[in-house]
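**Q** Please arrange chain B on chain A, whose structure you already have, making use of the hints.
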Amino acid sequence: MGRKRQIWTGSWEYKEGLVINLSLFTIGVFLEYFTSGGGVLSLMQYPFNLYFLGALIIALFVLWFAFRNTAFTQWLGSIPGAISAISLFLFMGLIMGFTLQTHETEPTFLHNIGFTHISSSWPYMFSILLLLLSLGITCLKNLIPLNRKRLGFTISHLGLFIVIASANFGGTQLQRLEMRLQEGRIVTYATNKSDNQVYNLPFAIKLKDFILEEYNPKLTIVNNNTGELMHGNGKNIVIIDSSMECSMMDYHIKVEEYIESSAKAGSKYYFNNESGSSPAALLSVILNDTAKVVGWISCGSYNKPYESLKLDSLYSLVMLFPEPKLFVSEIQIFNQSGEITNAKLEVNKPFEYDDFKIYQLNYDSNLGKWSDVSIIELIYDPWLPYVYFGILLMILGAFYMLWRGATKKNV
Amino acid sequence: MTWLNFPLYAIIIIFLWTVGLLLMGLFSNKRVLVRTAYFFILSGIIVLGYYIFNLWMVLERPPMRTLGETRLWYSLFLSFIGFAFYFRWKYLWFLVFSILFAIMFLFLNIIYPENFNKTLMPALLSPWFVPHVIVYIFAYATLGASSLVALKLLLHNNNQKELKEPEDLADNLVYIGFAFLTLGLLFGALWAKEAWGHYWTWDPKETWAFLTWSVYLIYIHLRSKNKISKKTSHWILLIAFIVLLVCWFGVNYLPSASNSVHTYSS
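Listed in order, the protein sequences are those of chains A and B.
My numbering puts the first residue of the first sequence at 1, with every later residue one more than the last.
My numbering puts the first residue of the second sequence at 1, with every later residue one more than the last.
Next comes chain A alone, as it looks inside the complex (with noise of 0.2 Å):
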């Protein structure tokens, strides 16, 4: 390390690094430049994805085994290599944790040199191409010939080239189409939400039902002439069941009755479950032992007005609306065959058919619990198999991370 070496000769370093990580910066800040923000997505279509994947992974080999031993090929593989790709990634990672993500084509000067849209820009694809090649040089340095003591090592970095790869290669050829159903209605085209364009399916969908299941509506108390809630970082609101007694502020409230689904009639509430019944509770409260406030509150629904109960001239008690706990789209799936296939769709649990993953997404907030509308996402992902397999090697490079760790104070 002692005298300096001169850039470009022998192996090379950080300084190296640092000037092509700049280069890579700067020529793709002005091709972004040049194309007036353009972005690469357009030039990574199917199949040119794969003809560019394709031409990455021959370079990759053509280095290792016909320039192995070239001050390149062997940056690639080294530590300060490896530093210098990482550090280029994560600057461009800096730029989007710092700048807003738009990804909307109004000409700024940020939009021009592609910073509204790190992820599709020359510059981030620079950035992966260095890494990509630092992580593929690393992956052959341990594979051919195969290194056994290094092979944890070479499981993750591996597992990082497959997400990375696939994940931006294969990631131009990710689809989410948007459905909107209706219950009782068939329908057989979907809206791709990126360019609004209506696409036919190869199937068609009938929603049968929806059911949308909601928590307890909370109870807060209300600032009367400004409309505060004064929840008092939570203290102040507590969910209502038929059992509940509680003090909030100097109040103490206690639920008579709770009608989970109800309208009104005269002056009182009654059950009743037709569309936009909505939750009530009869209260009563009491201030310092004495005064005795009784009255019903309710949150009303999109038909149904709201009731809350006046305390003093300062503060009201008011029902929030219920959040929901569960949404469920049970729908039929018809394919051209005429099968039919029964499927639920709920959040967190997507339902596979076709090439497609169907995910319950929104439904129609104003109607809440009393929607019949169920929008819905057909999201197709080919190169997803790749990704997960990419991600399992990581895990395993992490476990084995793990126990290298553990023995490392032994050594």
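Hint data in this document are derived by calculation from the structure and do not stem from the laboratory.
Misleading hints may appear alongside valid ones.
Quick list of in silico lysine to aspartate or glutamate cross-link-like pairs, DMTMM-like style, CA-CA up to 20 Å [said to hold, decoys possible]:
no.: 1; chain 1: A; residue 1: 325; chain 2: B; residue 2: 194
no.: 2; chain 1: A; residue 1: 349; chain 2: B; residue 2: 194
no.: 3; chain 1: B; residue 1: 231; chain 2: B; residue 2: 167
no.: 4; chain 1: B; residue 1: 225; chain 2: A; residue 2: 16
no.: 5; chain 1: A; residue 1: 357; chain 2: B; residue 2: 194
no.: 6; chain 1: A; residue 1: 193; chain 2: B; residue 2: 203
Incomplete in silico selection of chain B near chain A, CB under 10 Å [stated by the list, open to error]:
no.: 7; residue: 40
no.: 8; residue: 123
no.: 9; residue: 126
no.: 10; residue: 127
no.: 11; residue: 128
no.: 12; residue: 179
no.: 13; residue: 180
no.: 14; residue: 185
no.: 15; residue: 198
no.: 16; residue: 207
no.: 17; residue: 210
no.: 18; residue: 222
no.: 19; residue: 224
Quick caveat, the model's predicted, so the values are computed rather than measured.
Each residue gets a CB set at the ideal place from its N, CA and C atoms; glycine is no exception.
**A** The following block gives chain B in isolation, referenced to the frame of chain A:
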């Protein structure tokens, strides 16, 4: 057995752990007392496990739905891992650190009992929720400890002789922490695919999680050949922890942080 009994149980557990740690710290050369200390710490873990088991029975569902409930699991896992790792490597400070962290979570549950009933949005109701969060919190705890070691080394850099051991400590901690960080990140990706349809969307939380991961990745590569000065590596650990804090608090603590979740509840 409900949350009403919790303060009593928490105090018993904290008492057992504190006595165990004190015995270990004060009488580290007396084998009988150290064994007794093991007994106290293990008893605390068992009492906590017993409480969670009972809560599970009473609630007739896994107690993993509310924040308060997940904090119980953090405490259980952290204390258990701390104890197991202590057995493996004999790092007393690591046990102390995990137990203190576990106690902090129990205290949070005593101080904020009103959070027990809080509802969770459907996106969080997933089997990935608990492993993702626990693994992450454990990684944060371990990496935080590595920064403490680095800070200690930076402040005492005059007497270099006796500090070989803490150097290895910092590295070992980063290794463990980084492995957990990687697992947390990957579990998060797998969960995101199930919940939101894509494993990685570069939303702010993900971006900062990636940044945190990268800084530690650079540290590990730099240390692997011992090519940088010790001082530089300690500074990197401190900076890495700042990035980690931005990711943890700066972007919001639950995996629901940004845009993605609005699709479900607004």
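**Q** Does the closest beta carbon of chain A sit nearer than 10 Å to the beta carbon of residue 127 of chain B?
**A** Holds, about 8 Å.
**Q** When you check the alpha-carbon spacing of residue 231 of chain B and residue 167 of chain B, does it fall within 20 Å?
**A** holds (11 Å)
**Q** May I ask you to test the interface hint for residue 185 of chain B with respect to chain A, counting a Cβ-Cβ separation under 10 Å as satisfied?
**A** At about 9 Å, which falls below the 10 Å cut-off, the nearest Cβ of chain A leaves the hint on residue 185 of chain B intact, so it holds.
**Q** Take the shortest C-beta to C-beta distance between residue 222 of chain B and chain A; is it under 10 Å?
**A** Holds - the Cβ of residue 222 of chain B comes within 10 Å of chain A, reaching about 7 Å at its closest.
**Q** Given the hinted pair residue 193 of chain A and residue 203 of chain B, is their alpha-carbon gap at most 20 Å?
**A** holds (17 Å)
**Q** Given residue 123 of chain B as an interface hint, is the shortest Cβ-Cβ distance to chain A below 10 Å?
**A** holds (6 Å)
**Q** Can we keep the residue 179 of chain B interface hint, with Cβ of chain A closer than 10 Å?
**A** With a closest approach of 4 Å, the residue 179 of chain B hint holds.
**Q** Once the shortest beta carbon distance from residue 180 of chain B to chain A is found, is it less than 10 Å?
**A** Since the shortest Cβ distance to chain A is 8 Å, the answer is holds.
**Q** Does residue 325 of chain A pair with residue 194 of chain B here, judged by a C-alpha cut-off of 20 Å?
**A** OK: residue 325 of chain A and residue 194 of chain B at ~17 Å, within 20 Å.
**Q** With chain A as the partner, please determine if residue 126 of chain B meets the hint condition of a C-beta pair closer than 10 Å.
**A** Hint holds; residue 126 of chain B Cβ to chain A Cβ min 4 Å, cut 10 Å.
**Q** So, residue 224 of chain B near chain A? Judge it on the closest CB pair being under 10 Å.
**A** With a minimum Cβ separation of about 6 Å from chain A (threshold 10 Å), the hint on residue 224 of chain B holds.
**Q** For the restraint on residue 210 of chain B, tell me whether the closest CB of chain A is nearer than 10 Å.
**A** holds (5 Å)
The structure does not agree with numbered hint 7 stated previously, though it agrees with all others.
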